[in-house]
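Participant: As they're listed, the protein sequences go chains A and B.
Each residue of the first sequence is one higher than the last, beginning at 1 in our numbering.
Each residue of the second sequence is one higher than the last, beginning at 1 in our numbering.
Note that these hints are calculated values from the structure, not bench results.
Hints are supplied without guarantee of correctness; some may be wrong.
Residues from chain A that face chain B, not an exhaustive set, calculated with beta carbons under 10 Å [stated by the list, open to error]:
#1 91
#2 156
#3 293
#4 309
#5 315
Fair warning: this is a prediction, and the values are worked out from it, not measured in the lab.
Just so it is clear, CB atoms sit at the ideal spot from N, CA and C, and this is done for glycine as well.
There are 2 protein chains.
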Amino acid sequence: MATLQDIADRLGVSKGTVSKALNGSSDISEALQKTILETAVEMGYTKLRRRTDAEKKLCILIENIEYKEPHQLGYDIILGFRQMAEPAGYTVEVVPVTQDFQRNTPYDVFMLQNHYLGAFVLGFSLPSPWMTDFCTSRTLTVLYDNYISANPNIAHVGIDNTEGIELAVSHLHQLGHKRIGYLSGALGSYVMQVRHKAFFQALRREGLRADPSCAGSSYYITECIDRHLPRLLHSGTTAILCSHDMIANAAMIQCQQMGYRVPEDVSIIGFDDLPICAYTSPPMTTIRQDRIQIGKSGYYALESLRNHVLIGSLQLHAQLIIRNSTGTAPASAHPAASSSSPSGSVPSGSVSLEK
Amino acid sequence: MATLQDIADRLGVSKGTVSKALNGSSDISEALQKTILETAVEMGYTKLRRRTDAEKKLCILIENIEYKEPHQLGYDIILGFRQMAEPAGYTVEVVPVTQDFQRNTPYDVFMLQNHYLGAFVLGFSLPSPWMTDFCTSRTLTVLYDNYISANPNIAHVGIDNTEGIELAVSHLHQLGHKRIGYLSGALGSYVMQVRHKAFFQALRREGLRADPSCAGSSYYITECIDRHLPRLLHSGTTAILCSHDMIANAAMIQCQQMGYRVPEDVSIIGFDDLPICAYTSPPMTTIRQDRIQIGKSGYYALESLRNHVLIGSLQLHAQLIIRNSTGTAPASAHPAASSSSPSGSVPSGSVSLEK
Numbered sequence: 001m002a003t004l005q006d007i008a009d010r011l012g013v014s015k016g017t018v019s020k021a022l023n024g025s026s027d028i029s030e031a032l033q034k035t036i037l038e039t040a041v042e043m044g045y046t047k048l049r050r051r052t053d054a055e056k057k058l059c060i061l062i063e064n065i066e067y068k069e070p071h072q073l074g075y076d077i078i079l080g081f082r083q084m085a086e087p088a089g090y091t092v093e094v095v096p097v098t099q100d101f102q103r104n105t106p107y108d109v110f111m112l113q114n115h116y117l118g119a120f121v122l123g124f125s126l127p128s129p130w131m132t133d134f135c136t137s138r139t140l141t142v143l144y145d146n147y148i149s150a151n152p153n154i155a156h157v158g159i160d161n162t163e164g165i166e167l168a169v170s171h172l173h174q175l176g177h178k179r180i181g182y183l184s185g186a187l188g189s190y191v192m193q194v195r196h197k198a199f200f201q202a203l204r205r206e207g208l209r210a211d212p213s214c215a216g217s218s219y220y221i222t223e224c225i226d227r228h229l230p231r232l233l234h235s236g237t238t239a240i241l242c243s244h245d246m247i248a249n250a251a252m253i254q255c256q257q258m259g260y261r262v263p264e265d266v267s268i269i270g271f272d273d274l275p276i277c278a279y280t281s282p283p284m285t286t287i288r289q290d291r292i293q294i295g296k297s298g299y300y301a302l303e304s305l306r307n308h309v310l311i312g313s314l315q316l317h318a319q320l321i322i323r324n325s326t327g328t329a330p331a332s333a334h335p336a337a338s339s340s341s342p343s344g345s346v347p348s349g350s351v352s353l354e355k
Numbered sequence: 001m002a003t004l005q006d007i008a009d010r011l012g013v014s015k016g017t018v019s020k021a022l023n024g025s026s027d028i029s030e031a032l033q034k035t036i037l038e039t040a041v042e043m044g045y046t047k048l049r050r051r052t053d054a055e056k057k058l059c060i061l062i063e064n065i066e067y068k069e070p071h072q073l074g075y076d077i078i079l080g081f082r083q084m085a086e087p088a089g090y091t092v093e094v095v096p097v098t099q100d101f102q103r104n105t106p107y108d109v110f111m112l113q114n115h116y117l118g119a120f121v122l123g124f125s126l127p128s129p130w131m132t133d134f135c136t137s138r139t140l141t142v143l144y145d146n147y148i149s150a151n152p153n154i155a156h157v158g159i160d161n162t163e164g165i166e167l168a169v170s171h172l173h174q175l176g177h178k179r180i181g182y183l184s185g186a187l188g189s190y191v192m193q194v195r196h197k198a199f200f201q202a203l204r205r206e207g208l209r210a211d212p213s214c215a216g217s218s219y220y221i222t223e224c225i226d227r228h229l230p231r232l233l234h235s236g237t238t239a240i241l242c243s244h245d246m247i248a249n250a251a252m253i254q255c256q257q258m259g260y261r262v263p264e265d266v267s268i269i270g271f272d273d274l275p276i277c278a279y280t281s282p283p284m285t286t287i288r289q290d291r292i293q294i295g296k297s298g299y300y301a302l303e304s305l306r307n308h309v310l311i312g313s314l315q316l317h318a319q320l321i322i323r324n325s326t327g328t329a330p331a332s333a334h335p336a337a338s339s340s341s342p343s344g345s346v347p348s349g350s351v352s353l354e355k
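Starting from the given sequences, assemble the full structure and let the hints guide the process.
Facilitator: What follows is the structure, given as structure tokens:
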């Protein structure tokens, strides 16, 4: 690893200046500090020498995932991570990072500047600027539901999404459903792509029709429902799998508003098993991600990397939680299927997550 | 879980008889003991109540992998597992199991009968009878380099084989190789299938020709070399990736006997990084599996399952170890390529692993 002197020599400044910059002293200009930090990172200087061992800091970096309330996806993941990290003597800081921020600060510089020994990264989409940084980063990093190949400093944790989708499709097929649809969030994230691909794989595995028209995706939930749900129902779809619970809940509400009973006319399955699923109407069949365990696994993977055990990927089993939104396929198609009756029209904007 | 009484009621025998059978008492006939054990398993009775907690037994089940000597693939995997399990108070028994044995004894019955709390399974091929048992087994089991979906009692550990193949193909492409071949063991094992598929994926990713004729596989190493190596060399292949080190070593020896220099005329890459690789002529570039860490991960996954953390899959990063069997692609093809000169003929049976 480069020394302070190496960095000083490269930049033609004193070793003291380098030291001050790396320790965030206020008597160095911001521009010079930035140059010194970036040079330090470029030269492979990945951790500041600690004056004491007292502070061992990890961070959880978040984008696109809600986490402040117990009913939100990120809450238990963070809790599980803390439950392991804090008793082991780490301080854990939760840091939301916008794409603008990522564009302006290289990842390794950010980590070095803030004295973080490693990061657990939640919810980044594929175009997030730091996703590129992760390919070559020298910082120990664990990604939830993202995957970077061939960088031994990066690990991935999550559930086996493919297994989850297979369990759901197989459950529906056993209930007699033959036309199964899929509603998905935008495909700009790794995990949405994995689930989408797994859906078609599972249809083929079960010997069911795997036509691209079975699936629809949109960034906004209401748009996804408006654009794709009536189309699926009218073509005789009797069961719909959703890429996450919030879409599934919106789909159940909309089906009921259109005169379809859940599960008698159409079965619906979510993904994640958020706390809401036990209280939807009807209670929702869904694929569980054990979020506490995901958080704990994130810590375990990070600690393993710190101990030179090069974990690349740690996946937990998915579990299908069967509640009341799935049932036997109807003997005959719903009257609205393949018709253009008024009940098939969708009142735009009528779906609300507040319901 | 079923009780002794439940089992006794089902079979119309006394509870004492069931107890004796489950504890291997010699005054019960072998046939009755077998019936009682199989019924116990069928009724979900997955562990014998221990009279004491003194003995906590795990087993390592082995098929197709050599493990008795330090230079063999299984040796360090077992060592890593023991290094974790024994300090934690477990006894570890290593049990080779033939396919005949598997056919005659259901897996859960075997585990119950021998009081094993869990198993680490090495080297099973896809047709191994217990691979079917694993799909529905209630015994906690970790598979090395095999994968069973949707059974929460089963986990998988290994390295990221796809990543390993990508690293190797990318390394060869960077050295200027455009025609890359692949020699593989028989495709009747999960891991051979994964590596084979990964090879063609990696070629496409690098924008290289991914023709099925680039690859060849056979069960026996000499047969693989005899059948596929001359064909690859004569069609202008300048680099050959192998599914494991022993094939790569045989390929290097055979290339040299055919008048090709390694790496000047042809580059060769192995897989596994067995201890032999540092001592082959020339020392072999290969993809490392850290076998001690695989063993330790096997224990970690099993212990996690015992603690109700449903690990499905734990993959370690693959590492490319660059030695001297790979080099820059030759400027022009070897004279023997695309010719039928005598140097291209293969003396049958001339390859020996003893060399």
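Participant: Checking against the hints above, which ones are violated?
Facilitator: Number 1 - this is the single hint that the structure violates.
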